[in-house]
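One-letter residues, chain by chain:
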Amino acid sequence: MRRFELLEPRSVGEACRFLSEYGEGAKLLAGGTALVKLIKKRLIHPSYLVDLKGIRELAYIRWEEEGLRIGALTTLSEIEGSSVVRGQMGVLGEMVHGIGSVQIRNVGTLVGNLCFGDPGSDAAPLLMVLGASLKVASLGGVREIPLEGFFKDFYETGLGEGEVVEEIGIPVLPERTGVVYLRHSVRAGFDPAVVGVGVVITIGGQDGRCEEARVVLGGVRATPFRVEGVEESLRGRVVGESLIRKVVEGALEGLEVMQDVRASADYRRQMVRLYVERGIGVAMERAKGGRA
Amino acid sequence: MRRELKLRVNGEDYILGIEPHRTLLEVIRKELGLTGAKEGCGGGECGVCTVLLDGKAVKSCIMLAMDARGKEIWTIEGLARGGELHPLQRSFIEHGAIQCGYCTPGMIMSAKALLDKKPNPEEREIREAIAGNFCRCTGYLSIIEAIQAVSDSRKLV
Amino acid sequence: MEERGFMVIGEELPRVDAEVKATGEGKYVSDIQLPGMLYGKILRSPYAHAKILNIDTSRAERLYGVRVVVTAKDTLGKKFCIHPHLANNLLLQDEKVRYIGDQVAAVAAIDEDIAEEALDLIEVEYEELPAVFDPEEAMKPGAPQVHKEANNIVLHTRREFGDAERGFSECDVIVEGRFTSPGVAHCCMEPRGCVAFFEFNGKLTVWSTTQAPHPLRQDLADVLGLPISKVRVMRAHVGGGFGARFPMDAIDGIASVLSMRSRKPVRVINTRDEEFISSRIRYPMVIELKTGAKKNGRLWARQTRVVTDNGAYNNHGISVTGNATARLSQLYAVPNIKFESFVVYTNNIYGGAFRGYGNPQMTFAMETQVDEIAERLGMDAAGLRLFNANRPNSGTVSGCKITSCGLPDCIEEVVEHSGWKEKRGKGRGKHRGVGMALMIHGGAGIKAYWGKDCNMSAAIVKINRDGTVDLYTGTGEIGQGSDTAMVQIAAEELGVSLRDINIVSGDTDTTPPCCGAWGSRQTFTAGNAVRYGAADAKQQLLRVAADLLEARVEDLEARNGRISVKGSPERWVSIAEASNESYANRGTPVIGRGVNDDPWSDVIDPKSYYGNYNSAYAFAAQVAEVEVDTETGIVRVVKLTCAHDVGRTINPSLARGQVVGGVLSMGVGYALLENLIRENGVVLNGSFQDYKIPTALDVGEVECIFVESRDVNGPFGAKGIGEPTMIPTAPAISNAIYDAIGVRVRELPITPEKILNALREKGKHNPR
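Chains as they are written, first to last, in our numbering: chain A, 1 to 292; chain B, 1001 to 1157; chain C, 2001 to 2768.
Do not rely on the hints blindly, as some may be mistaken.
A partial selection of chain B residues facing chain A, derived with a Cβ cut-off under 8 Å [claimed, not checked]:
no., residue
1, 1016
2, 1019
3, 1021
4, 1047
5, 1064
6, 1066
7, 1122
8, 1131
9, 1132
Don't read these hints as lab results, they were simulated from the structure. Nothing here was measured: the structure is a model prediction, and the numbers come from that model. The beta-carbon is built from N, C-alpha and C at its ideal position, and this holds for glycine as well.
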């Protein structure tokens, strides 16, 4: 590996100062499972790493009235094993369990996963469909970045220079809401998702019609995105099997998806149809069953 | 610029002077001469570099040595005590779970991390615990059997 | 062969090297540290085809920490290849580079980071040339010339046995198909590498990840211009082979050159990225096959056209293709065979030896068509195979002499253990199915394409005065357990326990020659040499014991550490006593010599292709049980039932390891997952994330049955098993897929997408 200096800030403020001082030559280091690999493969050459791991206050999982707040240094294993997460937002633990391998989850962070911007990230589409947002600090103060709009391109996010993510907040879901994350890959574990689908459905009224629907696709384009066509077709309707099939076929007709070494566009499209259908079905069941 | 690094490995303390870009794997292999953990892919994928950090399995080839400060590190060399093999090592040998041996140290450490936390795992949990450790020789079944056998033997106690 | 209880043959004894591997003590090449050692890196071509106009190494040489930079001019410019008459590869290219990843220069520095930086400072001026990546395109007139051969054809072969035209005219059913097999990477957990140390006395010592220490010694001596006695290949543990490290890899020669120039030990190890882009892949093949049968089920004629992508340089291309086509006449002893094969240069990675050596590719085609024929004839696929199966002491139209053959037993065993009768044709409703495939392969190495020097093995057995034994063999222990097997064979022959034997293997200074670990040869070939050597040592002991016991040599036997009179076991001396007598009172050490010159197989006549291909043949039958998810196309291999004819099981645990490892770690991957995707010579999926080998979550159940056909020439009847285990797996799985969902995919790997496409096609032709 090319040499770099390691900077160890004691606070977020100090981290921001380092970033501002060293500019483009500095990169943030959390768990490092993505970053160290990139440096070893000589894809990036930072002169400074700003190691956040000394800022222990950034590792936490808190459930508050507004929702779940997870500190930037919380590892995927900690999220997976958290009774708070299991109790309040089980779908998050389910999704995290499928990421990488035990060794990666023991070190990698949820926020780090999102900031890396891999198109096959499982966290990105789920957190986006949950309406999560990042609390980001810089020398100029603190701001909130909703995940929707955060992902710009392959491995490119809206995190600005000099900015450090402090936490991710996931708003509490309304009553009668079901959430699910489904993913598809060829191997049973280990693979990044070829297709990832996050679905949130809120039902209401006597007949349990769909009041709100959010569907986010990951793994099929450079960044995750909302499938507004599907969402619109579900809103206000009573959602049953035949409707799901019709909606999905119609809205996904000619959907633009990428072709890469992981899968062809044709196969992705077929899996998108399959998993969006399944996802809506499961989310509906969960909404009826009153579980998130 | 070298920096002082205090590491605790297999119950022993070391004080080293290390440049920050060195990985934990490089340091334990080169500075400490513990060559059991290996480099197989350099990208945290194959798992032959697996060691335990505070009891958790981690891929040492993508971890900076500096980030292991203050943690208890265990490698394969720390398992056998006083000339006696650890039950996992004995079980791997008895079940024919070792062929070329390159994946073995990492595989055993992942198994130890699992059994230390969950002494009687389901088969699915064993497979998940070693899903990040590739083996090209054995087909995994003898490895799963070897781990299961240690877990079963502990049930009787 | 006497039938008596064996002491150690057939016992599930733990490997002799298990403990050092379990404790992490065992040293592999990358663990070797020598004082003053330098670290080497190789500069590789970014172009698939280009002229090298100029190389300027001056900036690299000036970098702090760099000790030497070498290019072609620092070598003797000797070409190397396992087929010497076809050699066109160099350690470092001088005029042209011919694939992305080709070696151009190398650096040795005080650490790896500096060596890596130095590579960036080497300035190479290339003139890019048009390149060709498809073998069919490469054969067309006007295609870019990779070497000097016309139409980029390394070898064009046409052969016939019997009369194919008449044979097909006599068939009642004929099936035709086109099958493709992709580039597959070995993915040994340990990357290739070498530590080389050239000392002032002119002696080169090398620790290499090689599978074949003695052939490597020879190859290095040739390419470096050294006398053979000045080259020593040393043992280190090897992290897997599967053919990837056989014999010399450029990395061994390059490390040696770096050491010769720097006069320091130099270690060069491939990164995993380099492993993928310079992988000696399984030769990609396009096989057009036609099989014909008579209405009673007798397979009567086969015809094939094979196009092999040789890649940029000659390595094993012609012999892998030869092996693939040889099996056409062997499996089921089909009497009318016609084949045409083209081995073609392209600017792709060049292939190498890979478990099965062309046979997996051909067996995939052959065994798929046997199922198709069974269906057309309305016959059970297992019954058809049993009817056609090779029998013991039989021949083939190509001159093979089959001695032991347990194929019929293998078929019966898998039918019984897999639930064939209950499951075959019954699972469509649940998308479940079972499929069978057989195979024939060599179980004893081969000298077909080389000379008499290519399948020999020798062993020296020294009995120490306390009755313990030093066993010296030139074998390559690469994880398969050959050290353990050799020790068991020696122990059985000498009548001592495993614990009493110290094996020294693979070190060329201290062991006698053996051609190494390939061709599933060591158990048979080296095992015989070890047995002969042990028998020779035993004879010497028996002569001494005969004096001590006042008996005749013919009346003595050695067992359980004792030499006793047959029938009067109370008259005995210990082996230690006999040995000590020889040393102390006769001044004669006990040293046994064993040489196996493989008298049973032929050096095949390259014009006629006729002769006995292998000294012993391995056979197997496998049944795969699969469940297909018809919505995603994902195939789950629920169970593999495998029956292997190994002649005699030396160590069931080791043999089982070969089967389970061969089918799960490799066979399933070859069938469903693995494809080294290349586009215009660029490897697109060169990482474990995107090149998919099975993980612990991807593997199902395996049941293993060993058939012991007791080969007349094998040591205690044993034959090889290393390669056979993955040869029938892919067609067993694809035949099972057909049983489950009624579609056939003839392009490996059978990915979920191909399954869905095939189902869509089927839907078109059979609308419900």
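(message) Less than 8 Å between beta-carbons is the criterion; does residue 1066/B satisfy it with respect to chain A?
(response) Cβ of residue 1066/B sits 6 Å from chain A, so the hint holds.
(request) Would you check whether residue 1064/B satisfies its interface hint, that is, whether its CB is within less than 8 Å of any CB in chain A? (result) Cβ of residue 1064/B sits 6 Å from chain A, so the hint holds.
(message) Tell me if the interface restraint on residue 1122/B is satisfied: Cβ within less than 8 Å of some Cβ in chain A.
(response) 14 Å, violated
(request) Tell me if residue 1021/B is really an interface residue toward chain A, meaning its C-beta lies closer than 8 Å to one of theirs. (result) Status holds, d = 5 Å.
(request) Identify whether the interface hint at residue 1047/B stands, where standing means a beta carbon of chain A within less than 8 Å of its own. (result) 7 Å, holds
(request) Under 8 Å, Cβ to Cβ, is where residue 1132/B needs to be relative to chain A, so tell me if that hint holds or is violated. (result) Where the cut-off is 8 Å and the nearest Cβ of chain A is about 2 Å from residue 1132/B, the hint holds.
(message) Restraint: residue 1019/B near chain A, CB-CB cut 8 Å. Satisfied or not?
(response) 6 Å, holds
(message) Given residue 1131/B as an interface hint, is its Cβ closer than 8 Å to any Cβ of chain A?
(response) OK, holds: residue 1131/B within 8 Å of chain A, min 4 Å.
(message) Min Cβ distance, residue 1016/B to chain A: is it shorter than 8 Å?
(response) 15 Å, violated
Comparing the model with each earlier hint shows violations of hints 1, 7; every other hint is respected.
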